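Please arrange chain X with the ligands on chain S, whose structure you already have, making use of the hints.
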Amino acid sequence: MGLLSIIRKIKKKEKEMRILMVGLDNSGKTTIVLRINGEDTSVISPTLGFNIRTINYQKYTLNIWDVGGQKTIRSYWRNYFEETDGLVWVVDSSDIRRLDDCKMELNNLLKEERLSGASLLVLANKQDIQGALKPAEIAKVLNLDAMDKTRHWKIVGCSAYTGEGLVDGFDWLVQDIASRIYVLD
Amino acid sequence: MDDEEDLSNPKKISNEDSISQKHSAMIERLTNLHQSRLQQQEISRKSDSNLSPSFESTKSFLDRFSSLKQAIETELDRCRNISDRESKSILIKSDLEKISLSISNLEKLVAENSYFLPNYEVRSSLKTISDLKEKLELVNSELLPKKKFAFKSKSSKTKEQNNVVVVNENVIKENDVDSNVKVRDSPGFRDKEGVVLIKHFGDLEEGEFTLENLNSCEIRLIGRLRAIFVHKLKNCRVFVGPIMGSVLIEQVEDCLFMLASHQIRIHHAKKTDFYLRVRSRPIIEDSNGVRFAPYLLVYDGIESDLKECSLYEDTGNWGNVDDFRWLRAVQSPNWSILPEGERSGTVYISKSETSSENS
Ligand SMILES: Nc1nc2c(ncn2[C@@H]2O[C@H](COP(=O)(O)OP(=O)(O)OP(=O)(O)O)[C@@H](O)[C@H]2O)c(=O)[nH]1
Ligand SMILES: [Mg+2]
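Chain order of the listed sequences is S and X.
Residue numbers for the first sequence follow the UniProt record's numbering, beginning at 1 and rising by one.
Residue numbers for the second sequence follow the UniProt record's numbering, beginning at 1 and rising by one.
No wet-lab data here; the hints were simulated from the structure.
As the structure is a computational prediction, the values presented were derived from the model and not from experiment.
There may be inaccurate statements among the hints.
What follows is a set of in silico ranges between Cβ atoms, one per label pair, in the way DEER data are often shown [as the list claims (entries may be wrong)]:
no.: 1; chain 1: X; residue 1: D314; chain 2: S; residue 2: K140; range: 41 to 49 Å
no.: 2; chain 1: S; residue 1: G117; chain 2: X; residue 2: R78; range: 29 to 37 Å
no.: 3; chain 1: X; residue 1: S352; chain 2: S; residue 2: N56; range: 35 to 43 Å
Derived list of chain S stretches under chain X, where covered just means 3 residues or more per stretch with a C-beta under 8 Å from a C-beta of chain X [claimed, not checked]:
no.: 4; segment: 43–49
no.: 5; segment: 87–97
no.: 6; segment: 120–131
no.: 7; segment: 167–174
All C-beta atoms, glycine included, are put in the ideal place defined by N, C-alpha and C.
Just chain S, same shape as in the assembly (with noise of 0.2 Å):
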């Protein structure tokens, strides 16, 4: 039996998922972990090296790994694609021109066979934002519906301010996740 089947079987047990969560710069991924967590969001520094935060959710226990995306460290970015269950790439709605570095980062990302088995959350954050391109706007500039027919994915608009569609997108990552791992049961 490999490591990974053992890792797996623990998980099983534990119901624990492990999701990771990128996105360029600036986005509000680190925003958006805090809010979901209920911290205090008034000071935020753009991240350095990573934040985890374990939050229960439902029945889960979701390990959520916020790395940072400031460009000299996206080339972490790949230390932490093991074991992936869920990947969660954050856009800035509002970023209209960096969208082309969006797209290619978030491309890089989904040619990695590491992740080629995590279910993708596209969250369009923002949305408060009067500019900000809506979700089927954004769906069409990543060119989302070329991706490969085998991976699950989805992508809800949301607000880390309001706190809006970040529940509708993690129930349906969790969601999605599950229906994956824990089939049996």
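Only chain X with the ligands this time, still in chain S's reference frame:
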């Protein structure tokens, strides 16, 4: 922690199943430990800020980190030097798995402590981990050239993967041409030279703004804003009222900025002075010759705008700049504090002036 005993003194175990059991017990212990630590931290942590609780010690982290790192390196060397063919196939595989676990473990240690560690320690620890993973991968490919070994950091591996990638790229490119998505521009000042550009912001509804491709301009954004994006400015002077959210600045040269904001990210800036009030630490990346000073902007009603944006008090963070490209403890050569004698005086801007050109 006594969990490492298992990792650094591997016993000879002959069949894979009992190794598996040991592993699974160990992972469970580690997970539990990890969990309870996290809870502990949750209790002791007040915010995401860099205030270090006094009971946490960088030194004890570093001692622990380097001894774990040593242990892993010793193990890696040991695996490399096993010469007996027979044991290679069975023992080494499990040994490498153990090493891989120790590395993940080390990673967790950094993660758990990263909130009180100095930034450069976090980054150099991350680098060390990355290097260890690469080394492990190397040893793995040296020792088990044919065996498929499903685990940790395949990072720079096989060519086969790359072939698949190329196919994907083609598909995506074709579709690009098909859909050719056009998106609207956000509000902003763009493509101007040698003019004064002024905009007043009333409520936060419309408070997101872009400054792009401006040369030798003076820009004044008065009132409260939510966020601004700045891209490609040369020889400009930029004065902005309080910003509730974040500022993203890319590719600016020979400019002066006065900004008050919750977050500021500066990329590819050259020879530019920043007068800031900022709630979190400003960060720079790929920049040089950038200097920092406190915010000195005044217009009618700025006090209440600052208050409403929670920017009334100066946190002093204008000078706590993090250079993401600079991994060492000594001061980054890319930025400095603007000497008091060279600073601008307080800048008053009038609310009644308008742009020198209709935009
Ligand atoms: N208007 C608005 N601003 C948001 C929202 N979410 C986050 N922000 C702001 O966006 C900025 C960036 O947020 P962070 O959470 O630090 O972004 P991040 O993705 O963690 O950035 P890195 O750590 O650098 O990768 C902050 O100023 C947040 O206040 C949102 O939903 N609406
Ligand atoms: Mg962050």
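Against the structure, the hints:
| no. | hint | in the structure |
| --- | --- | --- |
| 1 | X/D314 <-> S/K140: 41 to 49 Å | holds, 43 Å |
| 2 | S/G117 <-> X/R78: 29 to 37 Å | holds, 33 Å |
| 3 | X/S352 <-> S/N56: 35 to 43 Å | violated, 56 Å |
| 4 | 43–49 | holds (count 6) |
| 5 | 87–97 | holds (count 4) |
| 6 | 120–131 | holds (count 3) |
| 7 | 167–174 | violated (count 0) |
Violated hints for the displayed structure, listed by number in ascending order: 3 and 7.
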